Amino acid sequence: MMRKRGLELGRWKGLLYVLPALVVVAVFTVYPLLRAFLMSFYTKYKFSTDTVLSYGINNYTYIFGDSVFQKALSNTFIYVLFVVPISIAISLVLAVMLNEKIRLRSFFQTVYFLPYVTSVVAMGIVFGWLFHSNYGLLNYFLGLFGIQPVQWLNRPSTALPALIIFSIWKSLAFNIIIFLAGLQTIGAHYYQAARVDSAGRWRQFSRITVPLLSPIIAYAFIIGLISSFKVYAEVYALFGGRAGPADSCITIVYYLYRQFYVNWNFGIASAAAVVLFLIILAFTVIQLRVAKRRVHY
Amino acid sequence: MKKLLATLLTVCMLLSLAVFTGAAADTQPVTVEFWHAMSGGLQNALVALTDKFNAENGLGITINLTNQGGYTDLSTKLLGAIASDTLPDMAQVYNSWIASSLDVVIPLDDFIAADFDNYEDILPGYRAEGAEFGPTYTIAFNKSVQVFFYNKTKYDELNLTAPTTWQELHDVTKAYYEATGMAAFGYDDLFGMFLQYMLQNDAGFVADGQVVFNNEKGVEAMTFLLDLFANGYARTAGEDRYLSGPFNNGLVGGYIGSSAGAAYVKPDGFEYGAAAIPVGVKPAAMQAGTNLTMFAKDPAKQAAAWEYIKFLTSTESTVYWAMNTGYLPIRQSGFESDEFQAYMETSVVARACYAQTANMAFESAFPGAQEIRNKLSSEMEAAILEGKTAEQTITDMAAAAQEILDRQ
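Top line first, the protein sequences correspond to chains A and B. So in the numbering used here, spot 106 of the first sequence is number 305, and the numbers just go up one at a time. So in the numbering used here, spot 329 of the second sequence is number 373, and the numbers just go up one at a time.
No lab work stands behind these hints: they were computed from the structure. A hint or two may mislead.
[Said to hold, decoys possible] Calculated lysine-lysine pairs in the DSS-like style (CA-CA distance at most 25 angstroms, straight line):
| id | chain 1 | residue 1 | chain 2 | residue 2 |
| --- | --- | --- | --- | --- |
| 1 | B | LYS218 | B | LYS354 |
| 2 | A | LYS429 | A | LYS270 |
| 3 | B | LYS354 | B | LYS96 |
| 4 | B | LYS121 | A | LYS245 |
| 5 | B | LYS121 | A | LYS243 |
| 6 | B | LYS198 | B | LYS310 |
| 7 | A | LYS429 | B | LYS121 |
| 8 | B | LYS218 | B | LYS326 |
| 9 | B | LYS121 | B | LYS196 |
| 10 | B | LYS354 | B | LYS326 |
| 11 | B | LYS218 | B | LYS198 |
| 12 | B | LYS432 | A | LYS270 |
| 13 | A | LYS245 | B | LYS341 |
| 14 | B | LYS341 | B | LYS121 |
| 15 | B | LYS218 | B | LYS261 |
None of the values given here were measured: they were computed from a predicted structure.
Kindly generate the complete structure, drawing on both the sequences and the hints.
Written as structure tokens, this is what we have:
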């Protein structure tokens, strides 16, 4: 009897402890989520008085018929497809190299961490200059190889690749940080044993480093996937507040932002948000399933 | 007798109105919250004027300036404030920001009728813009107008003069391009370029919720404009965002942009000129820049805000504002003041603006206008980059605009 009451009291106490966090989550995450879901069914809405005149699914039929939304969807998928794996592959290699006892190691570590603590807008401006067709460093180097200047940010065909290059570079920092942290946890004895068996560097990397790092890699994949699906700031910063030439780099969140804050189509913006939410949810679920089977814990 | 009675009654009514608002004017000291989007030198000028008002109004009114960032930030915050019923007492706005929320804006006609110094003195284009929704909801404040900037050194060298018509513009930019191999023209605002051309040719754009540019006038305008780009005479701002950058570096021979951007025109090694923009069948120069609007519900605050609006729009203030910011005086008397006349001697941009005061036109704000503007800018950029035909461009633009209108 006493024990049970103690348990119950403990439970209430626990709840009390997490209450502040719960309230914050409820107010700033759950409530807006529900509101957005509801709002996606507002077809006639008077904003200034917050009165809904009619409900329906028109917002969903609209976005799926809207060529700009389709463009935003395909751009976002292409973006995710390139940025996440390439960034993880490069950061893995760099992290392994930075983990070696090389000269100026901490200097290089700082250099690679820098993007993580730099504002996206500042980086966007710098990359805007790197990509500039007349004055850009990138075109200068290409010119050394006899390649004609590329109109990186001026042509729809090259704008998305430019955005992807920028984003890969930008996302390296975070991945390198967590990979380096993961590498510290792999015991030196594994490598010693491998060396005893005269395993080469590639074998050590593919048979020891990658499997033992797999939970971290899976984590990086999920985080990278979610944040890449939500790409917005990179586009805004690189193209100076536009979605690329003739909207060629529009992404789902950019579309959502524009529909909400510029066009004041709150229902359409909410419908786009719900679609984005479902996409991310689906991918995360699939990935967790796959990770469960493949990841070595 | 009857007529006399009617006149007397009207006079009585007007008087009582004047007394009513007059009574409100000398109320208790209040603080008025004013949201603006002026930064840098513009903000300094606004602060100087406001400090002067706060110190000298003698009614105990304090204006509290709050900088909300850029125009986009300001419009976003106002949007949020409408929803949460936390609007400031007054703000700078573009008319399109309030077009769908007129119920939260205070009409100013009674204030103007009761107590305002010579409203007719405000430029007609500005008065028309203020009253575009019927009642006067806004009063002009930081106004600019489109101006043609050109590389005067090169123009003199090539014996060219600033074009006064679109046909001349075509010929001049062709000559410039052929002589230098460089783009000769650009337009910061592609949609604005089309709209301006249409207005100048007596062709409509949107009327009563219907697209009215899907016709040969629209195609003619689009053909003319797209050809400038296809031939290499014109270029877009592209990665540079504003043409002042490439212009300063001599990469484009001239461009049409807002007079408010004159501060960014700092040519590298040449002299620049500024002229009125070319005209079509009739002149029309797009005015831009925000207006003052009032949201205060409390009569005491309304009266206080009105005192401040009167102060900001007075001849003296508007001249000070114009000379310190590069915006234009909103009053005819401002332009004609000795001070501003002397200033114009030194400013080629101010002269180009003054030459257009009678021709100013404004871009209508109607539900969906902002969305149409964005959509069509993008369509035009695509047409230029992808080399679409004018017919196709107009058809696509009309369909996109009509779809947006139908959704309102």
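Does B/LYS121 lie within 25 angstroms of B/LYS341 when you go C-alpha to C-alpha?
holds, 19 angstroms
Please work out if A/LYS245 and B/LYS341 have their alpha carbons no farther apart than 25 angstroms.
holds, 20 angstroms
Proposed proximity, B/LYS310 with B/LYS198 (alpha carbon, max 25 angstroms):
Measuring from Cα to Cα gives roughly 15 angstroms; hence the hint holds.
What's the verdict on B/LYS432 and A/LYS270, does the C-alpha distance respect the 25 angstroms limit or exceed it?
Holds - the C-alpha atoms of A/LYS270 and B/LYS432 are around 19 angstroms apart, at most 25 angstroms.
So if I understand the rule, the pair passes when the alpha-carbon distance is 25 angstroms or less; does B/LYS354 with B/LYS96 pass?
holds, 13 angstroms
Holds or violated: B/LYS218 with B/LYS326, Cα cutoff 25 angstroms?
Measuring from Cα to Cα gives roughly 23 angstroms; hence the hint holds.
Could you grab the alpha-carbon distance between B/LYS218 and B/LYS198 and see if it respects the 25 angstroms cut-off?
Within the cut-off at roughly 14 angstroms; holds.
Starting from B/LYS218, check that the Cα of B/LYS354 is at most 25 angstroms away, please.
violated, 48 angstroms
Tell me if the straight-line CA distance from A/LYS429 to B/LYS121 falls inside 25 angstroms.
holds, 23 angstroms
Could you grab the alpha-carbon distance between A/LYS429 and A/LYS270 and see if it respects the 25 angstroms cut-off?
holds, 15 angstroms
For the pair supplied as a hint, B/LYS121 and A/LYS243, is the alpha-carbon distance within the 25 angstroms limit?
Since the Cα atoms of B/LYS121 and A/LYS243 sit roughly 22 angstroms apart, the hinted pair holds (cutoff 25 angstroms).
Distance restraint between B/LYS121 and B/LYS196, which requires alpha-carbon spacing of 25 angstroms or less:
violated, 42 angstroms
When each numbered hint is compared with the structure, violations occur for hints 1, 9, 10.
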